[in-house]
Amino acid sequence: MTTTFTQQVRRSAGDAPPVARYRAIPGGAAILSTVLAGLIGFPTFVTIVVLLPLSFGLAPLVIPSLILLVILWWLNDGLTYVHRSRLASLIGLRIPAARRPDTHYSFVKGTLVRLKSRSTWRQLTYHTLVGLLNFVMTNLLVAWIAMSVLCATVFATTWSLSMAGLDQTPWVPEALAIRITFTVIGIVAFILTPWVARAMACMDGILAIALLGPSRNRALSEKVETLSKSRAGVVDAADAERRRIERDLHDGTQQRLTSLAMNLGIAKATFKDLPMPARKALDDAHDEAKQALVELRMLVRGLHPAVLDDRGLDAALSGIVARSPIPIQLDVDLPMRPARTIEAVAYFVISEALTNVIKHARANVVQVVVTSDGEWLSLRVTDDGVGGADHAKGSGLDGLKQRIDAVDGHLLIDSPVGGPTHILAELPCAS
Amino acid sequence: MRVVIAEDSTLLREGLIRLLSVADIEVVEAVDNAEDLLRAVEQHAPDLALVDVRMPPSFTDEGIRAALVVRSTWPDVALLILSQYVEERYATDLLSGTTKAVGYLLKDRVADVEDFIVALRRVAAGGTALDPEVVAQLLIRRSGDPLEALTPRERDVLELMAEGRSNGGIAEALVVSESAVAKHVNAIFTKLDMSQTESPHRRVVAVLQFLAASKGARS
Numbered sequence: 001m002t003t004t005f006t007q008q009v010r011r012s013a014g015d016a017p018p019v020a021r022y023r024a025i026p027g028g029a030a031i032l033s034t035v036l037a038g039l040i041g042f043p044t045f046v047t048i049v050v051l052l053p054l055s056f057g058l059a060p061l062v063i064p065s066l067i068l069l070v071i072l073w074w075l076n077d078g079l080t081y082v083h084r085s086r087l088a089s090l091i092g093l094r095i096p097a098a099r100r101p102d103t104h105y106s107f108v109k110g111t112l113v114r115l116k117s118r119s120t121w122r123q124l125t126y127h128t129l130v131g132l133l134n135f136v137m138t139n140l141l142v143a144w145i146a147m148s149v150l151c152a153t154v155f156a157t158t159w160s161l162s163m164a165g166l167d168q169t170p171w172v173p174e175a176l177a178i179r180i181t182f183t184v185i186g187i188v189a190f191i192l193t194p195w196v197a198r199a200m201a202c203m204d205g206i207l208a209i210a211l212l213g214p215s216r217n218r219a220l221s222e223k224v225e226t227l228s229k230s231r232a233g234v235v236d237a238a239d240a241e242r243r244r245i246e247r248d249l250h251d252g253t254q255q256r257l258t259s260l261a262m263n264l265g266i267a268k269a270t271f272k273d274l275p276m277p278a279r280k281a282l283d284d285a286h287d288e289a290k291q292a293l294v295e296l297r298m299l300v301r302g303l304h305p306a307v308l309d310d311r312g313l314d315a316a317l318s319g320i321v322a323r324s325p326i327p328i329q330l331d332v333d334l335p336m337r338p339a340r341t342i343e344a345v346a347y348f349v350i351s352e353a354l355t356n357v358i359k360h361a362r363a364n365v366v367q368v369v370v371t372s373d374g375e376w377l378s379l380r381v382t383d384d385g386v387g388g389a390d391h392a393k394g395s396g397l398d399g400l401k402q403r404i405d406a407v408d409g410h411l412l413i414d415s416p417v418g419g420p421t422h423i424l425a426e427l428p429c430a431s
Numbered sequence: 001m002r003v004v005i006a007e008d009s010t011l012l013r014e015g016l017i018r019l020l021s022v023a024d025i026e027v028v029e030a031v032d033n034a035e036d037l038l039r040a041v042e043q044h045a046p047d048l049a050l051v052d053v054r055m056p057p058s059f060t061d062e063g064i065r066a067a068l069v070v071r072s073t074w075p076d077v078a079l080l081i082l083s084q085y086v087e088e089r090y091a092t093d094l095l096s097g098t099t100k101a102v103g104y105l106l107k108d109r110v111a112d113v114e115d116f117i118v119a120l121r122r123v124a125a126g127g128t129a130l131d132p133e134v135v136a137q138l139l140i141r142r143s144g145d146p147l148e149a150l151t152p153r154e155r156d157v158l159e160l161m162a163e164g165r166s167n168g169g170i171a172e173a174l175v176v177s178e179s180a181v182a183k184h185v186n187a188i189f190t191k192l193d194m195s196q197t198e199s200p201h202r203r204v205v206a207v208l209q210f211l212a213a214s215k216g217a218r219s
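Residue numbers (the numbering used here), protein chains in the order written: chain A, 1 to 431; chain B, 1 to 219.
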């Protein structure tokens, strides 16, 4: 047999549950698996069909009902183990475990939890269905093999006997053509047996994946959960990195540059009677150093202003507003401080939006309104400029959108050509 | 004049010592954290404490907090705060209550040695030295109040006044005559409904008290 049943496990980022997949099943193993499933399946089917209604029927008598249910859960666990093991060892199908209910509950609570657990009911459904299905399939398979062997041998014998003129089997049709046809059918059917068995094992496998493994919804939602966590981690890490750079620049470069500018200042104040070229060079160096200081201060502040951590959004924003060449009306009304990451994003968004306004909008006045309803932090930046801002055009607004998307926020830009421009960003307060 | 310096960057601390020595100001001790600052102030009873805002251990606003302690415990010590960023909120903390002998400047300002020394002496003498950036922040946040009645020129004058400058200083900065400044100042006081006083320090108090009051009314 060239066919093999392999399982492809695709592990995605993080620890999202793997998804079972299969390609092919070895024929002999498929037959064995189907027959085994049939042998286990029928008694299982009967037991569940008897136990389940009985445990519900006895519901008024709490204790016996609970005992029956617990027996059912044990049976369910055992059978699940057996079937998973059977599928894994015979046809190489490893089904990722469904999430089991926690076991640290008390007896009654545990039973109730399992009663409500979807995976319990999916497993029970599998055992019931597979019991019935594999019982039928096993019988069909055995019948198929028996018939094919029988056809191939009986008809071949009678056919060869009749060829030899020794026809002594009156229960077989006389016509040679029929005998030959049945012989061929028998042989073909026998050859096809592994494929038939494989088809049956496939059905079994599909059923097992669907019912014994984690449900697709569950798998996807766990994946989403994992991805959200890892994304939040990335956002926080980027935020921490910005703080670190800010700290490094503040403690290092900025102090060094301040010291340089100060020393140049001292030199300037001390040597009043330098020759003109030296005097000019000193003046220029002093001016350059001061200019570099201002630029570095703006840059560092844009990264992450210390006052943001310390005093919050209102204080940090008033700093930007004070330095703006365009008059800005700032109105911050926050009942409480949002999460630090959100605060940093909000600061970045407003600071970027204002930079855009100052660079491109040719506005006379800008209005910044920050409000919160406890769940969402709304940032509104409105200017009376020329409009035509569009984040699809790859301007600074693009970076804004990415930063907002990273925390599941929304960005709305309304900027008709000719103005005015309204930018509304909404960020979840907690992150 | 005797000064205590609190600045955690060695480079800047040494630079400030040199700067003050050039101006013949005695540095009695230079420390690198807030605790040592309080000890040094107690020990030396200096005329002025020059304090960095961000210092160990938390590198946030230790300097401001230490300055507030200095002011409540040793009210005779003048305070000049230096900060990499000038934040109105820190200034508001510092200026709440009294505005006597207090300054709050951007670290960049030390590069202009002579101006810096002038501001330092002004603070030591009981005056004020507020960074233009702080004043700008203070003024901008008061939109929608009587400040809007001021003309742009009067706003400029008010800003300079809030920095702690005299009429002469304002006239020099705006390149106008002193009498023109005096006229603007009178107009400002009339529009803001404030009583006239002649001392430059009293003027700053008046301005800041007005700003604080209008802030209270706003929120």
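Honestly, the hints are just simulated from the structure, not real lab data.
C-beta: ideal position from N, C-alpha, C; glycine also.
Hints should not be assumed to be uniformly reliable.
[Said to hold, decoys possible] Computed from the model, here is a short list of chain A residues facing chain B with C-beta under 8 Å:
#1 Ser106
#2 Thr253
#3 Gln255
#4 Asn263
#5 Ala278
#6 Leu282
A quick look at each hint next to the structure:
{"no.": "1", "hint": "Ser106", "in the structure": "violated (47 Å)"}
{"no.": "2", "hint": "Thr253", "in the structure": "violated (11 Å)"}
{"no.": "3", "hint": "Gln255", "in the structure": "holds (4 Å)"}
{"no.": "4", "hint": "Asn263", "in the structure": "holds (6 Å)"}
{"no.": "5", "hint": "Ala278", "in the structure": "violated (18 Å)"}
{"no.": "6", "hint": "Leu282", "in the structure": "violated (12 Å)"}
This entry does not satisfy hints 1, 2, 5, 6, going by the numbered hints stated previously.
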